[in-house]
Amino acid sequence: MSKKIARVQAGEKLFDWLLLLLSIGVLYEAYRIDGGLRLNSAGSFPVGLGLIMLASSAVILLSHRYKRRASEITTALQEAKTFLAEHFKPPIVAFTICSIVYLIAINWISFYVSTFCFLAAMFTYYRQGRVVSSLVITTITIAVIYVLFTMVFRVYLP
Amino acid sequence: MSDTVAYLLMAWLDPGLLLLTGLGVLAGIYVGAIPGLSVTMAVSILISFTFSWNINNALALMVGIYVGGVYGGSRTAILLNIPGTPAAITTAFDGYPLALKGEAGRAIGLSTVMSVIGGLIGVAVLAGTAPYLADMALEFAPRDYFLIAILGLLLVSSLSGKSLARGIFSVALGAVVGLVGMDMVTAQPRLTMGSMELLGGIHYVVIMIGLFGVAEAIYQLHNLAKIPVKQKVSKIVPPLNMVLKFLPLSVRTSIIGVVVGALPGAGGDIASLFAYDHAKRTTKNPSTPFGEGAYEGLVAPETANSAAVGGAYVPMLTLGMPGDAVTAVIIGALVIHGLNPGPMLMIETPHIFWFTVGNLALANIFLLVFGLTGIKLFSKVVEVPKAILIPLILVLCVVGTYSLNSNMTEVYWMLGFGILGYWLKVFGFQMGPIILGVILGPLLDESYRQAMSSVGNQAGDFLLGLVTNPLSLVLTSVITLVLLSNTPLKPWLIARFKRG
Amino acid sequence: MTKPVLTRLAIAVGALSIVGSAAADYPERNIQGTIQWGAGGATDNVIRSLTPHVEEILDTTIILTNRPGGTGVIGMSHVMRQRPDGYNLLFGAENPQLYPLMGLADFTYDDMHTVNIIGQGLVVIATHPNSPFDNFEELLAYANENPGELRMGGTGAGGLPSTIHAMINAVGDLDVRTVTFGGDGPGVTALLGEHIDFMPLSLSAVAEQIRGGRLKGLAVLGAEELDSLPGVPPITEALPEIESFLPWGPFWGVFVHKDTPDDIKATLEDAYEQAVASEGFQEFLVNFGGETLNLSGEEAQQYLDSWQSVTAWSMFDADAVETSPEELGIPRP
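Top to bottom, those sequences are chains A, B and C. Under the numbering used here, the first residue of the first sequence carries the number 1, and numbering increases by one thereafter. Under the numbering used here, the first residue of the second sequence carries the number 159, and numbering increases by one thereafter. Under the numbering used here, the first residue of the third sequence carries the number 659, and numbering increases by one thereafter.
Rather than coming from a laboratory, the hints here were simulated on the basis of the structure. A virtual CB, placed ideally from N, CA and C, is assigned to each residue, including glycine. Misleading hints may appear alongside valid ones.
[As the list claims (entries may be wrong)] Each pair of labels, with its calculated beta carbon distance range:
# : chain 1 : residue 1 : chain 2 : residue 2 : range
1 : C       : Glu985    : A       : Cys117    : 46 to 56 Å
2 : A       : Val101    : B       : Leu382    : 14 to 24 Å
3 : A       : Trp108    : B       : Leu405    : 52 to 62 Å
4 : A       : Ala76     : B       : Leu622    : 50 to 60 Å
5 : B       : Pro628    : C       : Arg739    : 52 to 62 Å
[What the hints assert, rightly or not] In the BS3-like style, the derived pairs of lysine-lysine whose C-alpha atoms are separated by at most 30 Å in a straight line are:
#  : chain 1 : residue 1 : chain 2 : residue 2
6  : B       : Lys320    : B       : Lys259
7  : B       : Lys534    : A       : Lys81
8  : B       : Lys538    : B       : Lys583
9  : B       : Lys259    : B       : Lys442
10 : B       : Lys583    : B       : Lys384
11 : B       : Lys320    : B       : Lys442
12 : B       : Lys544    : B       : Lys393
13 : B       : Lys583    : B       : Lys320
14 : B       : Lys538    : B       : Lys384
15 : B       : Lys544    : B       : Lys390
16 : B       : Lys259    : B       : Lys390
17 : B       : Lys320    : A       : Lys67
18 : A       : Lys13     : B       : Lys583
19 : B       : Lys538    : B       : Lys393
20 : A       : Lys81     : B       : Lys388
21 : A       : Lys89     : B       : Lys538
22 : A       : Lys81     : B       : Lys320
23 : A       : Lys89     : B       : Lys259
24 : B       : Lys583    : A       : Lys89
25 : A       : Lys89     : B       : Lys384
26 : B       : Lys534    : B       : Lys403
27 : B       : Lys259    : B       : Lys583
28 : A       : Lys13     : A       : Lys89
29 : B       : Lys259    : B       : Lys538
30 : B       : Lys259    : B       : Lys384
31 : A       : Lys81     : B       : Lys384
32 : B       : Lys388    : A       : Lys89
33 : B       : Lys538    : B       : Lys403
34 : B       : Lys534    : B       : Lys544
35 : B       : Lys544    : A       : Lys89
36 : A       : Lys13     : B       : Lys320
37 : B       : Lys259    : B       : Lys544
38 : B       : Lys259    : B       : Lys403
39 : B       : Lys384    : B       : Lys534
40 : B       : Lys583    : A       : Lys67
So that you can see chain A by itself, here it is in the shape it has in the complex:
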């Protein structure tokens, strides 16, 4: 990734605004604990931390005034395009979606079956369709996990 912090990245400003929103959300949740500001109670630290988050995210947003966008990005549309191209590459999107599906699947079809499917699918995809060797690696991995976790450490897996 680009090492020059002084140059604002595509989507950075939006992200920093989201952090500001998060800070406000935290502050609201923290305020609800006591319903007021007290020196020594359950809510005193959460409220204090919420304020620090709010202040620091405001400083981060202000710092954008001293940063410039990359010269080739001039419009918001271009920025959105660059952002999508950089962070929504097929391997990343596929990985994230598969991970979520995998975690949900564990509850339905047990840990070992879903892990097998997940690994087999990901290996095959990332290794450009070498199915047989991917399946072999998957099988070995599952065997190692079984021996290590279920047999040696007696970890109960779902």
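Use these hints to put chains B and C onto chain A, whose structure you have.
For chains B and C alone, coordinates are given in the frame of chain A:
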């Protein structure tokens, strides 16, 4: 006297005990290396398992696992940027960059030797000063833990990279996450958004695995096709002059480790953070800049977290009070075996003390042997193609998180923190400060409220306490100095001082 | 094509689980045991020393998992969500009896089946040796003259110290600053360092400290002096009215899903009764500072009910909770 020596050497001379200690160390290295599998868990499994054994055998195995496990956390920290244990988080800061440069073998070798040095210093301090150190640790009032937490939070300046505002935001975010759950005093839910699953809070290892493991895995997908760096595996054992060069630093960080480890409210994770900060502040010319593969950044946390093991045994053996989670479980083991851990343990059964000291030293020797063998094979992990490594890391993270509390919800949180961590990383936020907040936030909240309650909620009395008690005064002064040295005031002060 | 196959599979799986729950040769696989408190605590110690005896009797392995958090709510709700096949046991302490009162959850042990109430812990009010007080009466007198000055160690709302404090306040008056710690361990450490003035603690946490002269007992929560703590007076000497709440103590028990087949319940009850009575465990429990109860069935239910009623009403009378036990259907003792 001869009895003491006999107990000290017992583990070294009995083949059965030798075998068990060695086995423990070896198993511990793997338990420690896998994020989520914790030494605490391994030792508590062993309690049921060793129920009918002779007490010495059971203790030998537990000591082995403890020493191996604390060290093992550095393995995955160096190789994959995923700390196996919270105490190895700082190891990843400079260990992983070394692995990226093809020096994984050298990094593991150095961390092994340094762990052993730290471990042995810890044992020596335990053997020589245990009763005094324990009394000193008791002197720390809630007010002092509060100051320690503040001092820890000041580390944000050395962990946050280029943008301090981002660092401070990250610390606060981490602390907020650390505070989620039922309030300790009033039992009311805090920041749980009405979820019952969150009443127990989010375990910090869950956050650690997500932020380091999953976030790193997704980040690595950017250069999926990149061929991994070929690892140099010829020079693994660090040369003597290198060890000697780092010896003064390692002695200092070991002392930090032992003392922090001996405090019942702080353990190896906090010790290694302080040690890293100390190294960064005192090293004028590191081998490479910190955060880019400085050997000093590897030496400090590794010595400190191993030395903290000896420290954690101090209050346990002298007072029967645990120094950390693992020693709490070992106390349980002693109880189940019919011993009475408490202040009388050293008087009535001194052999337990000397046996443990000897056994800890032995475990460190085993660590040197097992740690330095097989490095070549381990270094190859970095050379595994990304296409295989990344899906495997995710599965490892899932298993690790689940085995922590057998809770699927925590696994979802882990993935959530992973995705959040990825975006934070992309936009210039560091993972270190977040974890700093997660670890220190609850300590800060707890100790502050204890201190305030102790003085009957009088803010004035609380502030007065910070400067009137000798121990607190020392800590307050250190904090003030650190603060001054971090502000623009410093050059001005120095200039004035010189003129004056 | 896939649908009928899936349906058949589902039926097969369903059939299997029905066969599996027939209790003819229970247990035929490992049992999962959930401890609702963390590793190294009192509940954990008791359960881990009892389990090997049970494993021997049942000829199986019990895999123990600690699921701490939320005063035990998390562990208990986990076990309640599992299948009622007798392969998921809950090992817990007294806290669930107060969940509805504290507003933590709407269930108690009444929503599970009690396999065994193993035993209860004895309670001591302890202080450090430099304390000017030699018994609880002196401390009470001082506190009455200087209200809000002494520092008492606590473990949070619903914890043992807060319950004892409530009991004392229900019959007398004790106005102190409460300093809350994460558990008995950190509390004892603070007491050793003289950062607090006194703390009600379970005997198992302080017996050794008292014996080693590092701490001093002010009173035992009971009507008589204990053999294991000679010289420490019973609390009734300072507060005779508190006797109406006694005997009282934190307890440990084994529980299983309410809908578990009756023969499995019987097998478990039988096994635990034998294990708790075994010589090895008895020796441990005495050494640990506990008292055996070994109750099951009707007796266990009576014990749980009376514990709940005594504790809930004393807390209500001392204004420690807002909800009235009456609203929850808990009768006055």
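Holds or violated: B:Lys388 to A:Lys89, with C-alpha atoms at most 30 Å apart: Holds - the C-alpha atoms of A:Lys89 and B:Lys388 are around 27 Å apart, at most 30 Å.
Given pair status - A:Lys81, B:Lys534, alpha carbons within 30 Å: violated, 44 Å
Pair hint outcome, B:Lys259 versus B:Lys403 [Cα-Cα no greater than 30 Å]: holds, 22 Å
Proposed proximity, B:Lys403 with B:Lys538 (alpha carbon, max 30 Å): holds, 28 Å
Outcome for the supplied range 52 to 62 Å, where the beta carbon pair is A:Trp108 and B:Leu405: holds, 56 Å
Pair hint B:Lys384 and B:Lys534, alpha-carbon separation not exceeding 30 Å: Satisfied, since the Cα-Cα distance of roughly 22 Å is no more than 30 Å.
30 Å Cα cutoff - pair B:Lys583, A:Lys89: holds, 17 Å
Straight-line alpha-carbon gap B:Lys259 to B:Lys544, limit 30 Å: With Cα atoms ~16 Å apart, B:Lys259 and B:Lys544 stay inside 30 Å; holds.
Pairwise hint evaluation, B:Lys393 against B:Lys538, where the allowed Cα distance is 30 Å at most: Answer holds: B:Lys538 to B:Lys393 is near 15 Å, not above 30 Å.
Pair hint outcome, A:Lys81 versus B:Lys320 [Cα-Cα no greater than 30 Å]: Distance ~27 Å between A:Lys81 and B:Lys320 Cα, so the pair holds.
Hinted pair B:Lys534 and B:Lys403, Cα distance within 30 Å: holds, 25 Å
Holds or violated: B:Lys320 to A:Lys67, with C-alpha atoms at most 30 Å apart: holds, 14 Å
Violation of the numbered hints given earlier is confined to hints 7 and 20; the remaining hints are satisfied by the structure.
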